[in-house]
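> So you can see what is in the structure, the chains are spelled out below.
2 protein chains.
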Amino acid sequence: MDSETGRPQTEYGKTPRTERGRRTLRKLLDAAALEFGEHGFHEASITGITRRAGTALGSFYTYFDSKDEIFRALVRDLSGGVRDAVKETHDPDAASLEQERQALTSFLRFAREHKEIYRIIDEAEFVDPASFRAHYENTASRMFARLKEGADKGELREDLSEAHAWAIMGMNVFLGLRYAVWSDDRKAMDIAEVASSILREGIAATGRD
Amino acid sequence: MDSETGRPQTEYGKTPRTERGRRTLRKLLDAAALEFGEHGFHEASITGITRRAGTALGSFYTYFDSKDEIFRALVRDLSGGVRDAVKETHDPDAASLEQERQALTSFLRFAREHKEIYRIIDEAEFVDPASFRAHYENTASRMFARLKEGADKGELREDLSEAHAWAIMGMNVFLGLRYAVWSDDRKAMDIAEVASSILREGIAATGRD
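If you're matching them up, the sequences are chains R and H in order.
Take the first sequence: its position 102, counted from the start at 1, is 102 in full-length UniProt numbering, and no numbers get skipped.
Take the second sequence: its position 90, counted from the start at 1, is 90 in full-length UniProt numbering, and no numbers get skipped.
Here chain R stands alone, though its shape is the one from the complex:
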């Protein structure tokens, strides 16, 4: 998804010019998420995607040349979806630690609504390693930018580095795997509080450090 326009995009410039085309592309990407999420890349098929999308096979080839190409577009689309879900609820005036708590809450909610995202992004490690890497590098960069901003405002530690962003991202990804994808009976807010409390005070007994 393009964050400025909210429009779905393919990787190779085959952006639809009409509203109807945009809807078709959106349907294809949503169908691809279900098809790849359920069957995995190798077992998934283009006809499985168009059947789910309720579109003709010709519509598929209007936007994509191959199963590989829609998979790559889908990874970018889902990665953009994560970014946009966080962005939509982002409050630049909130305290830095609150911003991180909100970012995780939004991510957990997004993952619950798109449970297939883990399987697809994880499979990208094998099918499309560059997109896999880009997804995490971009996510970590955005988080690091927020951490630096927090440090500049004097709210966060000044020594925070990109490695801290990777650590916090890993925390969020694994909480999502366990408490959004594998089971989702606990409130997203309560799970976000687990991470938030670690970022706020660490795990040492109070008054001991």
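Hints in this document: simulated from the structure, not taken from any laboratory.
There are no misleading hints in this set.
Identical copies look the same in the list; a pair holds intra-copy or inter-copy alike.
Derived DSBU-like pairs (lysine-lysine); straight-line CA-CA distance at most 35 Å:
hint: 1; residue 1: LYS187; residue 2: LYS153
hint: 2; residue 1: LYS14; residue 2: LYS27
hint: 3; residue 1: LYS27; residue 2: LYS187
hint: 4; residue 1: LYS87; residue 2: LYS14
We have chain R already, so just place chain H on it with the hints.
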């Protein structure tokens, strides 16, 4: 690997009875790690494994029925390898936060020596989902047991739950991906200090919380 005996094991009781058999099995598992790590499950072949191991094809079938079976055995072996690497350097008398720092340092060193572990365990999500899940559930359980022990000793927060263990495990896994597998130019100890500082004090500016 069996943690009591240090002997490699297969999943179905075909444990070698002789020292020579144990060496052959070990060679097959090490060769499988390289073969699956380099080619992925689908492209990897049994002959590729025996060629790397320098063993006859018959030796393979003494221990495994199929490529699937050695893959499953390998995931268990690597998962046990992570556990043993942490166990070997574990000092039960150390302070709890030091134990976690040491556990991460040992994990990072293990991951640097076995860079293929990420690709193999990640691919297990598709090839052998039960082993994938078991690996993380077992790792989180061991960590949670250490956290509870630390809380009992009064060193760690009393409200730490299994979700905190998942959060910390995620931190460690992503630091390993980024700083052990993708690049390893920074010292394992320095990367472990990143996570350790978060667990010690969180990320808020000093004196602000």
